[in-house]
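Below, each chain spelled out in residue letters.
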Amino acid sequence: MEVLQGVWEVIRGILSNSGYAYFFTDGGYKNLIMIFIAFFFLWLGIKKGYEPLLMIPIAFGMLLANLPGANLAVQYHDLQGFIDLLAGRLTDANGTVLTPGLMDFLYFGVKAGIYPPLIFLGIGAMTDFTSLIANPISFLLGAAAQLGIFIAYFIAIALHFDPQQAGSIAIIGGADGPTAIFVTSKLAPEMLGAIAVAAYSYMALVPVIQPPIMKALTTKKERSVVMQTLRPVSKREKILFPIMVTVIVALLLPDAGVLVGMLMLGNLLKESGQTERIAKAAQNELMNIVTILLGLSVGATTSAQSFWNLKTAGIIVLGLVAFACGTAGGVLFGKLLYLVTGGKINPLIGAAGVSAVPMAARVAQKEGQKENPSNFLLMHAMGPNVSGVIGSAVAAGVLLTLLK
Amino acid sequence: MGEFVNMNLSALFYTADLVADSSPAFTSTVVISGPTIVLAVIAVLVLILFLIGRASRRAADVKKHLTQHEKDLRDGTINGKKPKKREFREPAPAAPQGVTPEVVAAISAAVYMLEGEGAVVKSIRPLRKNPISNRNPWAAAAVAENTKPF
Chain A
1 MEVLQGVWEV
11 IRGILSNSGY
21 AYFFTDGGYK
31 NLIMIFIAFF
41 FLWLGIKKGY
51 EPLLMIPIAF
61 GMLLANLPGA
71 NLAVQYHDLQ
81 GFIDLLAGRL
91 TDANGTVLTP
101 GLMDFLYFGV
111 KAGIYPPLIF
121 LGIGAMTDFT
131 SLIANPISFL
141 LGAAAQLGIF
151 IAYFIAIALH
161 FDPQQAGSIA
171 IIGGADGPTA
181 IFVTSKLAPE
191 MLGAIAVAAY
201 SYMALVPVIQ
211 PPIMKALTTK
221 KERSVVMQTL
231 RPVSKREKIL
241 FPIMVTVIVA
251 LLLPDAGVLV
261 GMLMLGNLLK
271 ESGQTERIAK
281 AAQNELMNIV
291 TILLGLSVGA
301 TTSAQSFWNL
311 KTAGIIVLGL
321 VAFACGTAGG
331 VLFGKLLYLV
341 TGGKINPLIG
351 AAGVSAVPMA
361 ARVAQKEGQK
371 ENPSNFLLMH
381 AMGPNVSGVI
391 GSAVAAGVLL
401 TLLK
Chain B
1 MGEFVNMNLS
11 ALFYTADLVA
21 DSSPAFTSTV
31 VISGPTIVLA
41 VIAVLVLILF
51 LIGRASRRAA
61 DVKKHLTQHE
71 KDLRDGTING
81 KKPKKREFRE
91 PAPAAPQGVT
101 PEVVAAISAA
111 VYMLEGEGAV
121 VKSIRPLRKN
131 PISNRNPWAA
141 AAVAENTKPF
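Sequence order for the protein chains is A and B.
For the first sequence, the numbering used here begins at 1 and goes up steadily by one.
For the second sequence, the numbering used here begins at 1 and goes up steadily by one.
So that you can see chain B by itself, here it is in the shape it has in the complex (with noise of 0.2 Å):
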């Protein structure tokens, strides 16, 4: 029986003497183990991934009695449900000429951290500068903070 189990085993790592060559026999293992054998090893990491993260955010569940608020931050969700699915929208008009789009998503990224979800950013503008002050505005409104009548 011992001799029948280890025969077995040693038939299931028994690789066979691959030759390396230019057979269209040998191409086509290459060519179809080789993305066989990657996506395998990374399904299997994912679902490691998956199960470590479930286990992760038990524990910390039973470790620290979470908010509602944290758990939506957490997973996503609005008041422990999913949201809804967004529909397709016509994204927001071009910026003009001049706004450069790191700008643009500098704003817009403002905004969706001020607002959060459903504040949609439909235009973005550069202010005209005052002809007869040389000041950005920030300094303007800097000045005026500090020299408001009290």
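Chain A on its own, in the form it takes in the complex (with noise of 0.2 Å):
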């Protein structure tokens, strides 16, 4: 009987030690309702296809980041805390001393800003920036697009978010993970989870977000211009391309030189034919890596006490807004364009001057020849499409130069 007895209060022990019980204390519900929310976000990626490469990561994240006990949460938000972490000088609210987790050390990487322009090396070096210098017009639309930003941002303002999360929440309009994900790190890291998710699922839901607003901004007229064949660009153009650009935005603005440092360079290195392994490596294994560990450790800042607020649903309408906003941008401009041209741009393009690549690029096309079968306008909406990768990097150099 003894026994007996001891042997279940062995199991009680364990049980009310167990992350089981935490969901019963107060508060303990919300981490089960963010494991029910990863659950979801996982079906997203895995089943409907969203963004998987990225998604899966980051809900997983977010299931680990909410099983409580197992220490998998980030418990950081700026490096001297990481500091304090490993020296031992953080506690939790009952006074235990908190101790680094295997999430903590991975996240250091995205704190410290270093895998974002790791995945932007990558991004360049799968780039293939020749429809936009072949017809340079195009990369005013690719800055035109990110007109969404600056809206965003007075609306988050003006809905009381304090100036550094209105600015990360501003860039989700640019639709360019890895830089929303650099510019939140920096202004605002205990929204890093919620921002980086309503992020990738809007990437993710570009196909069904821009082609109303293409609608409704164009005519069937404008709809069905076919633009001209794009003039071939020799070797030399491309080599010099990012050593330019790089050159003249890093003089220019500072804050953006890492991230368009990191995409030219990844560029040069494909352009230049003689470091092919190392382009292929970046493209490849390097960026494969980091998209791991990135999405990981951001999915690990989403526990349920920095997820399930308020702020969150306002991040998740206000992407959308800044979303939809650059998207009217680009395609407004692209009207310009046309009035300017002669009817020479289809201002469909515009739409692609967000920076989803090449998803955005693809809805472009399908648009356009919903009017004409024959129009293929891929190639063209390309141009804006990669543009939007340097203008959302520009945009995110100027809002951590006035905002940091």
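Just so you know, the hints here were simulated from the structure itself, not pulled from any lab data.
DEER-style ranges, computed between Cβ atoms: (1) H160/A - I107/B: 51 to 61 Å; (2) F39/A - T100/B: 27 to 37 Å; (3) I107/B - F40/A: 36 to 46 Å; (4) L102/A - D21/B: 32 to 42 Å; (5) R277/A - A43/B: 29 to 39 Å; (6) L205/A - F50/B: 28 to 38 Å; (7) K122/B - L332/A: 33 to 43 Å; (8) V103/B - T25/A: 54 to 64 Å; (9) L205/A - S28/B: 24 to 34 Å; (10) G49/A - K71/B: 43 to 53 Å; (11) A43/B - P358/A: 23 to 33 Å; (12) G342/A - A142/B: 43 to 53 Å; (13) A40/B - D84/A: 39 to 49 Å; (14) K404/A - T100/B: 43 to 53 Å.
So the derived list for chain B, only partly shown, Cβ under 7 Å to chain A, looks like this: (15) S22; (16) V31; (17) G34; (18) V38; (19) V46; (20) I48; (21) I52; (22) V104; (23) S108.
Here chain B is said to cover these stretches of chain A; the calculated rule only asks that three of the stretch's residues, wherever they fall, bring their Cβ under 8 Å from a Cβ of chain B: (24) 146 to 155; (25) 220 to 232; (26) 236 to 249; (27) 387 to 395.
The beta-carbon is built from N, C-alpha and C at its ideal position, and this holds for glycine as well.
The two chains are supplied separately, each in an independent frame; assemble them into the complex guided by the hints.
Listed below in structure tokens is the structure:
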């Protein structure tokens, strides 16, 4: 009987110290809700194919962060916090000294601004800027599509977000995941998880969000414009382009230098023809490794305490506004170019100025073909699409310069 | 004189200490200067791209004597002249159901490459399969080629 009593006490002790018991404590139900939200994002990534390369690691990081007692949630928000955590100076609400976990070390790469530039290195190595170099006017469409960022900033300030939070929310409008993570980790790291989830969700929803806006802002005649074939681009131009962009942008906006510099380095590795091996490594092995580490550590910041609040709802709504305004800005500038060039530019390619490469360009192609099946806008739309990557990095530099 | 120049150069690069806050003045500063700076930076890049492109084309012309056809391909002209502005025409009739937009795009692209400017795809319809033979048209053509009398 005593033995049975002892066994029962042991089982009770294990259960009372387990994560299951935590769900029944004050506020513990929030972790359970977050776990179900993580299941939802996993379903989106796996079943629906919504940006799976990042959605699945982020969702799994969210799941791990909300398992009570597993010590897998990120426990600091700034570099000093990381140092304090390592030194044993951080404590929880009960006064227990916090110990660093795996995610705390992985998150350091986000906080120190290492992962997003490395992802940009891989993106640069995968990107072909030929369409942009052949038709430099399309560069302006990429700039116009960043208008949504600043409109969202204004609305966020009106909704009483502080300037750094407003800047982090606004950068979602650039439709560039690494840029959004980079800016948020510097300006408002406490919102990183929610902003990353919102940014990647909207990037995956480009084919749903953009077409109604494109149709509403253009006429049938404008959508039917067939653009001239792009001129051939020499290898010399493709080599000079990344060098020139890096020097000009980094000198003007040093805060944008790291993102633009790594993007252009990746592109130069690809175009130079002399560094094929490392260009391949940048776009494959390096990109894949950093994607896993970035996604997992960003997801691990979405603990119930940081995610489950009204501000997250504001992020989701404002992110959509930023995205929609960016699309509208690109299309409206496209209409302006249509008028200025005497009908040579199809305004639909302006919507591709958001940085969701190549999804936004494919949406422009599809919408153009609905009006004229023999119209091939894809390569023309790739120009604004890749310029949007540069444009969002420049916009990020502006926000960091003004708000840091 | 030297002191005067130095003072003015410093003033040129002096930046006011902007404090980020939620005031209307700072918010307006961000909303107006942000897009302006982005557009200005990109405009500078566009200008330089134009200049590099022009210099590159001139260097290529000097280095290698291009035929008129090659120049037309490069510049999008016909015999050195810009093509006439295309009138807006009603688009080709929609392909029947069962023919996906991707198939229409592939066929249209092939026609454009083979026939060039001016060729318009009026309609696309799926070939009716021969109910007698189970072979697809390509296989039937191969059989006919290999079995024709010699």
